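*Asks:* Protein sequences appear in the order of chains A and B. In terms of our numbering, the first sequence is residues 414 to 578. In terms of our numbering, the second sequence is residues 18 to 454.
Simulated from the structure, these hints should not be mistaken for laboratory data. Hints may contain errors.
Unchecked claim - If the Cβ cut is set under 8 angstroms, some of the chain A residues that face chain B in the computed set are:
hint : residue
1    : Val431
2    : Gly437
3    : Met438
4    : Leu445
5    : Lys450
6    : Thr452
Since the model is a prediction, treat every value here as computed from it, not as a measurement. Don't be surprised by glycine CBs; every beta carbon is placed ideally from N, CA and C.
What follows is each chain in one-letter form.
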Amino acid sequence: MPIGVKVLERPIDKSSYVRATLSGMALTLKHLLDTDKVTIQYPEQKWPLSPRWRGTHRMLTTEDGKAKCVACGLCPTVCPANCIKLVPGEDENGNRYPLLFEIDEFRCIFCGYCQEVCPEEAIHVGRHYENSEYSREGFVYDLERLMSQTHPVCEMWDPADPKGE
Amino acid sequence: MIALLQQVAAQANGIEHLPPPESGGVWFLATAIKILVLFTIYMVGVMLVIWAERRICAFIQDRRGPNRVGPHGLLQSVADGVKNIMKEETYPAQAYLPLFVLAPVMSFMPALLTWAVIPYGAPWVSKWGTIDMAIAPLPIGFLFILSIASLGVYGIVLAGWSSNNKYSLLGGLRSSAQMISYEISMGMSTIPVLILAGNVSLGRIVEQQAGRGLHWNVLSCTIAFVVFMVAAFAETNRVPFDLPEAESELVAGYHAEYSAMKFSMFFIAEYANVMTASALMSTLFFGGWDLPFTLWDNVAPHTLLKTLVTFGFIWVKTLFFVFVFIWVRWTLPRFRYDQLMALGWKFMLPVILGYVVVVAGATLALDTIGFHPASWQFSVIMLAMNIVLLVILFGVVDRGRLVSPAYSRLDKRNLDKLRRLDRARARSAAFTGGGPA
Chain A
414 MPIGVKVLER PIDKSSYVRA TLSGMALTLK HLLDTDKVTI QYPEQKWPLS PRWRGTHRML
474 TTEDGKAKCV ACGLCPTVCP ANCIKLVPGE DENGNRYPLL FEIDEFRCIF CGYCQEVCPE
534 EAIHVGRHYE NSEYSREGFV YDLERLMSQT HPVCEMWDPA DPKGE
Chain B
18 MIALLQQVAA QANGIEHLPP PESGGVWFLA TAIKILVLFT IYMVGVMLVI WAERRICAFI
78 QDRRGPNRVG PHGLLQSVAD GVKNIMKEET YPAQAYLPLF VLAPVMSFMP ALLTWAVIPY
138 GAPWVSKWGT IDMAIAPLPI GFLFILSIAS LGVYGIVLAG WSSNNKYSLL GGLRSSAQMI
198 SYEISMGMST IPVLILAGNV SLGRIVEQQA GRGLHWNVLS CTIAFVVFMV AAFAETNRVP
258 FDLPEAESEL VAGYHAEYSA MKFSMFFIAE YANVMTASAL MSTLFFGGWD LPFTLWDNVA
318 PHTLLKTLVT FGFIWVKTLF FVFVFIWVRW TLPRFRYDQL MALGWKFMLP VILGYVVVVA
378 GATLALDTIG FHPASWQFSV IMLAMNIVLL VILFGVVDRG RLVSPAYSRL DKRNLDKLRR
438 LDRARARSAA FTGGGPA
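Extracted from the complex, chain A is given alone in its bound form:
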C-alpha cells in the first residue's frame, strides 16, 4: 500500500461481512416494499412551479383584443440579451402601437427585465416551460403568438396592484 493512503482504525475483529450484507439487504427490502416513491409521473403530474418562475413570454391584451403594448421601446433597450425586436407604429389618433414585435426565445436569458420595465404591464415572462419546436425559426415568437399564450404570468408582478402603486 503506497504511503499517503489514509489508514482508518476500524474494529476489524468485530466487523462481519455477512451480517453487514444481511442488514443491507433488509434495508433495500424495506425500500422495495415502501410504496412512497419520489418519481413524478411527468406529463400527467407536474411539479408546482414557483410563483416567481420566469418562463416563455406572454403579451397581455386590452378588452378589445389589442396588445397592451404602446411601443415605447423600453423593453428592447433594457434587454441584456438583445432578443426583442420592436418597430413602432402610430395610428391616425396618434396612439403608438407595435408594427413588429418579436422575441427570440433562444437568445432570451429569462431575466424578466422586460416585464419589470414595461410601463403598461403588457409584456410578461410566464410560468411555463414546455416549449419544444420542430425548427429554430419556431422559437422567434411574433406578436400574435405572444398574445395567444394563455399560461399564468410570473408574479413579480402583483395582479391586484398592476401599476405598483
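Let chain A serve as the given structure and place chain B on it in line with the hints.
*Replies:* Relative to the frame of chain A, chain B by itself:
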C-alpha cells in the same frame, strides 16, 4: 456403496424408474415440442427478468422504473429490442472482426445450452409413452453443465480481446481470472450434492430430494449451497462480482465497443445466465420440480396435471432466486480485485474442500450406523451439523477475514508506520491552519 445408497434411496422414496416412450417418432416430436416451448418461455422469461430487474431496482431506489410501455411497463424490453435492432452496428476499425462478431453468441449459447439437461417437471405418462420433462435427460447431466458453464468465459474474454480496446481487454482479463477461480469453488460445492444423490444425472438428484417430508439438499448441504450461490454470482458477473464490466473503472469493460443488437446479446446473455444459475440452484439444492411435504408429484399416476403443477413450481423457485440475484445486486458494492481473489482462493475453496470431507464422512458414518440418506433422521442430523458449521463460519471465522480492507494485508509494523505518518500529517495540517481537504 454409492450404488447401494442409490438403490436404498429409490426404494425409500417409493419412486420407480419410468421407461422411455417406445416409438422414436413420439420421442422426436415430444423433444421438438419441448425445445420450442422451453425456448419460447426462456426468451420471454429473459425479457421479463430484464423488466423485473429495472422495476425492482427502481423500487429499491424509491423510483418507479419503466411503467409506460404496456401494462406496468411489461413491454419495455420489446421496445428496447426494437430500438436495438434499428440502431447502427459499429465495428471498431482495429477490431478483429470474426471474433468480435462471434463473442456475443459465445457468451449467450452456454446459458441456453444448460437448460437442455435441467429437468423442469414430473415425467408425463401419456398414452404415447412416458415423456421425460427435460429436453435431453442425459445420464451425465451434471458434468454436461459444468463443461458448458466453463465455456461462458470465452465469450467475455474474446469480446475483450477482439475489441482491441484497453478497457475491454482489462475487463476480459479480469473476467478470465474471476470466472476460472470461482468455477473451482462452484464445481466443488456440488460434490456434496452428488455424494447424497450417488449420481450425476440431474433427474436422479431431483428424485433424491423428493420425499414425504422436506429432503431438499439445502438442508443437508447448506454450506455447499452458500458457496454455490456466491460462485454463481461470480460466474454470472453480477454485482458484487461485476469486475469485468465495472462501469465506473473500465467504462463498460468487455462490451465497451459493442453497439446495437450485439450489445443487446451480451445483455440478454447476462440475464440468461442469471436464470440458468437460478434454475441450477433450485434443481441442485431446492428439490427442482419437487413439491415438498408430499409424494403426490412423485408417484403414479403421472398425469399431465402433475407435470404442469411441478413445471410451475420449478419456475416459482427459479424466479425466487432471480429475485435474490436482483436484490443482492442493488444492495452490495463491488469487490476490490484483491478481495475477489482472496475470497475465492483463500476462503471459499478451503471451506468447500473441508466441507466435502465433512459431508462424505458424515454420510459414511450415518450410513454405517443405519440411517440411509433418504430417512428423516439423516436429514435432521445433517441439518444440525450444518447449523453448527454455519454459526462457526459466519459468527467466528467471518470477523474481518471474509472480505477485508486493504490494510489488513499489511503487517503490524508497516501499519503502525503508516498511521504515524498519517497522524504527523494531520498535525502539520492543523498547525498551518489548513491542508488537503
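*Asks:* Holds or violated: Lys450 of chain A as interface residue toward chain B, Cβ cutoff 8 angstroms?
*Replies:* holds (5 angstroms)
*Asks:* Holds or violated: Met438 of chain A as interface residue toward chain B, Cβ cutoff 8 angstroms?
*Replies:* With Cβ-Cβ at 5 angstroms, under 8 angstroms, it holds.
*Asks:* For the hint on Val431 of chain A, does the least C-beta distance to chain B fall short of 8 angstroms?
*Replies:* holds (5 angstroms)
*Asks:* Given Thr452 of chain A was flagged as interface, is its beta-carbon under 8 angstroms from a beta-carbon of chain B?
*Replies:* holds (4 angstroms)
*Asks:* Checking hints one by one. Is Gly437 of chain A an interface residue toward chain B, by the C-beta closer than 8 angstroms rule?
*Replies:* Constraint on Gly437 of chain A satisfied, holds at 5 angstroms.
*Asks:* Is the interface hint satisfied for Leu445 of chain A? The criterion is a beta-carbon contact with chain B at less than 8 angstroms.
*Replies:* With Cβ-Cβ at 5 angstroms, under 8 angstroms, it holds.
In summary, this structure violates none of the numbered hints.
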